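> Spelled out from the first residue to the last, the chains are:
There are 2 protein chains.
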Amino acid sequence: MSRDLLYELIEALTILPGVGKKSAQRMALFLLDKNKDGALHLAKTLEECLAAIQRCEICRQLTSETVCRICSDESRDSYSLCVVESPSDVLAIESTGGFKGRYFVLMGRLSPIDGVSPDDLGIPDLLRHIQGAKIEEVILATSSTVEGDATATFIKDHLEGVKVSRISYGIPIGGELEYVDGNTIARAIQGRIVI
Amino acid sequence: MSRDLLYELIEALTILPGVGKKSAQRMALFLLDKNKDGALHLAKTLEECLAAIQRCEICRQLTSETVCRICSDESRDSYSLCVVESPSDVLAIESTGGFKGRYFVLMGRLSPIDGVSPDDLGIPDLLRHIQGAKIEEVILATSSTVEGDATATFIKDHLEGVKVSRISYGIPIGGELEYVDGNTIARAIQGRIVI
Ligand SMILES: [Zn+2]
Ligand SMILES: [Zn+2]
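Those protein sequences? They're chains A and B, same order as listed. The letter at position 152 of the first sequence is residue 152 when you use my numbering, and the numbering goes up by one with no holes. Here my numbering = 1-based position in the second sequence + 1000.
Bear in mind the hints are in silico, worked out from the structure with no lab data behind them. Because the structure is a prediction, the values reported are computed rather than measured. Wrong hints could be hidden among the right ones.
Here are the computed lysine-lysine pairs in the DSSO-like style, where the Cα-Cα straight-line distance is at most 30 Å [what the hints assert, rightly or not]:
#1 B/Lys1022 with A/Lys22
#2 B/Lys1021 with B/Lys1034
#3 B/Lys1034 with A/Lys36
Turn these sequences into a full structure, and let the hints steer you where they fit.
This is the structure in structure tokens:
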């Protein structure tokens, strides 16, 4: 039996989240038959991105640069800082267009059981960052899970002289930000309450 | 604003069929954060496949080899030949596991209005191939559209001394093979009728 990369490509595509065998087949044939230029661009961009990907040295978001696009955007408001759990939360909030401040990505949430400590989440860096920069408001957008709430409370308890709010109504209890629609996220940010 | 390949990758992923902005974001972060090895393998395989992709010189299926995996598989029955419209139809029938013969991919269907002639579909090659090989049955699996039926009739009318059948009940009228579930396709192949 010949090697036939067509089948290897279909197999390779099934690693994508939400992509089964049938979708992978459709994608493979589309890439090879209908949009070769787009396919080549996708392959090259993925390779380049994998080689360059790192954490932004300011906010810890994934980026191909030393400083991410958001942190290096001078037009953004640097007085409010939104603290989130994961890179996808940044993209989810950005897609609403309703927030023009900066972010800090914890890359997780406090969990003594799983051994996730404040140090693991870069919280000391976060606290130093908040004192050092001229931030006036910290918006805690960690998830509405027990650990997400505990993480928010921990950060709030270690901050002084700065307004601290928690995003509020709209986000379903136990829900993950990345699966929530943009309007709900935008409303939750507008309706945040000082805690 | 920095270049930040993360956003270029998200954009590049939205060319995939069925993938919107939100899915593309999820895919990009998954590839860059959760499965870098799989991501690199995907990029390399896609590039290699794009450079090598061609039509099988026997059946016209897309393949990275001169002769595709199915045509070069000696264990398959070479007495029955299934004629389909597109590469995805081959994959759809293969996924049922119910057919062990060979294929011929027309890459379209007859359409005088759109200027698609028998020559464009390689039908002269197909007829020569059927006479030359020891094929006993030709299964016409073109779509149940007006053009698909006309294509099947045209091929049948140009064949002699060979059993010709048309896949039958199960395929919804006007339906495309690739969107039909495996059981329905398998039943349609079993229930084919000589025409
Ligand atoms: Zn950043
Ligand atoms: Zn072949």
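> Are the hints correct? Go through all of them and say.
Structure-based check of all given hints:
1. Pair hint B/Lys1022 plus A/Lys22 holds up; C-alpha atoms about 20 Å apart against a cutoff of 30 Å.
2. Only pairs whose Cα atoms come within 30 Å are accepted, and B/Lys1021 paired with B/Lys1034 is accepted, the gap being roughly 19 Å.
3. Proposed proximity of B/Lys1034 and A/Lys36 is supported: the alpha carbons are some 27 Å apart, at most 30 Å.
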